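**Student:** Single-letter residue listing:
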Amino acid sequence: MTQPALTGNGVAMVEALDVRKSFGAHEVLKGINLTIGKGEVVCLLGPSGSGKSTFLRCINHLERMTGGRILVDGQLIGYNERHGLLYEMSGKELARQRQDIGMVFQRFNLFAHHDVLNNISQAPMLIRGQSRERALARARELLKLVDLEGRENSYPYQLSGGQQQRVAIARALAMNPKLMLFDEPTSALDPELVGEVLAVMRKLAADGMTMLVVTHELAFAREVADRVIFMDQGVVVEEGPARQVIDAPQHERTKTFLRRMH
Amino acid sequence: MSEQRIIPARNWGQWVIAIILIVIVGLLLAMVIMSRHITWSAIPQYLFDGTILEGIKLTILFTVLSMLISIFAGAILATMRLSPNPIVSGFASLYIWFFRGTPLLVQIIFWFNIQLFIPSIEIGSIRFDTNSIITAFVAALLALSLNEAAYMAEIMRGGLMAVDSGQQEAAKALGYRPTQAMLRIIFPQALRVIIPPIGNQTISMLKTTSLVSVVAAQDLLTRAQNIYAKNFLIIELLIVASIWYLVMTTVASSLQYVIERRLGRSTSDAPMAWRAALRLLRAERSNG
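From first to last, the protein sequence lines stand for chains H and A.
Sequential numbering from 13 applies to the first sequence in my numbering.
Sequential numbering from 41 applies to the second sequence in my numbering.
Hints were generated in silico from the structure; no laboratory data involved.
Hints may be right or wrong, so weigh each one.
Stated by the list, open to error - Once the Cα atoms are required to be at most 20 Å apart in a straight line, the calculated SDA-like pairs of lysine to any residue come out as:
hint, chain 1, residue 1, chain 2, residue 2
1, H, Lys104, A, Arg224
2, H, Lys104, A, Ser123
3, A, Lys270, A, Ala256
Source: prediction; values computed, not measured.
Extracted from the complex, chain H is given alone in its bound form (with noise of 0.2 Å):
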């Protein structure tokens, strides 16, 4: 495995360095070194357990890691360095980080008491401080692209699954952000609802949005994604351009998965 070069030269917009992490006495990241360019859409596999969608978490320091480091386009998270010791940021400062990392959970979490265009703006008018109509307008923009329109007034519980995760993707959009996490946004839907959420997420790469995927599509990450990432037990087992490792793994354990998955 090669080390990720850290040269904060303005090319890498996710650069991971030995990240480690415990819940406990149980060590689920054990040195985790990746980097992810700008641009790049990065699917991460592995068995449930591996601590893939933990690594995704450190990465807006929803989770604490026990050790290493993680830099967001140059910018280290979490933490001030100061003196050789990291001292960890003020919710203040952690939400000013968080505002360019956009997030996509597994159970959608669209806040129940707003209706889709209040999810969607609320963000930008309080956060970004953008004007009402401004922040409704791009709102209405998101909602055609997650192909939503004319469910402005809905609330979440009136949506399907998979109309709801594509309404927290707009959510997410609306910021702005710089890189886009996604925590296995398909995995609580049904069957028949996964496809329609694929297809925004295709749509978003081949913008050029700088994505990070833990995912089981391995379809979807086949298709999509410039490179795979296969993670077991805490560890990077393997990783290349996506065909590569999912047609032709080379690691035993990363073999052993696939099979499985198919």
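With chain H fixed as given, assemble chain A onto it according to the hints.
**Tutor:** Coordinates of chain A only, in the frame set by chain H:
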């Protein structure tokens, strides 16, 4: 096919119990009505007496003020209780333990007698006599509010914990600051769970305020007592007070019914609940 009459099963036991109940209630009523010791004409005479009406005003004022203060204090205590800082959450737990664990009546008497161990309050060079600040009204209001705040904190904590943790995570991930997430995302959703028990507490508070009569705080019961201390129409004035307490709790209960029906009971009505809660908040704000 011929229509046959259907005779439902008769439950003779139920009939017997019903008859016994009617007889007992009838006897009791007859006993009260026929009593030569109750001056019935005094009841309508005092029902709309100016002193009694003033007492009602104060009872309502105690209820509204102590509910408002306790909702505010309860929200702070609930947030503290959920804080990761053990001293902050420990303080909230201690407060709740203490104020729920001692009788309200004791707390009322305590606040009324506070000058016994804090004779005066000094702020800078200005010195206040405690008795001039902690009047019966203030002592009563303090006791009711601080006690109710402990119960309110538990109600609110329950409401906050009922909101799915994914809501908080989504807000964080979007870049909401902790206070923004609390005020914009978590609290509005917790209201749906919090409002029905607040209604119950308010109805209960209407009656609980009568306890402040021990420090003569001029509520409805104090006024009734003041009147019967002079004319000895004890039962008559207690009936007058009871009629008014029943009127107030009945009105409050029907208000609660209307509010809860608007709130809806299923999760699918969450947005409706939110709008209803907003209306409530606005109404409260314009009243206060």
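**Student:** Work down the list of hints and note, for each, if the structure agrees.
**Tutor:** Here's how the hints hold up against the structure:
For the hint pairing Lys104 of chain H with Arg224 of chain A, the CA-to-CA distance comes to about 16 Å; that is within 20 Å, so the pair holds. Between Lys104 of chain H and Ser123 of chain A, the direct Cα distance comes to roughly 17 Å. Compliance with the 20 Å bound is thereby established for this hinted pair. For the suggested pair Lys270 of chain A and Ala256 of chain A, the alpha carbons sit about 15 Å apart, so the restraint of at most 20 Å is met.
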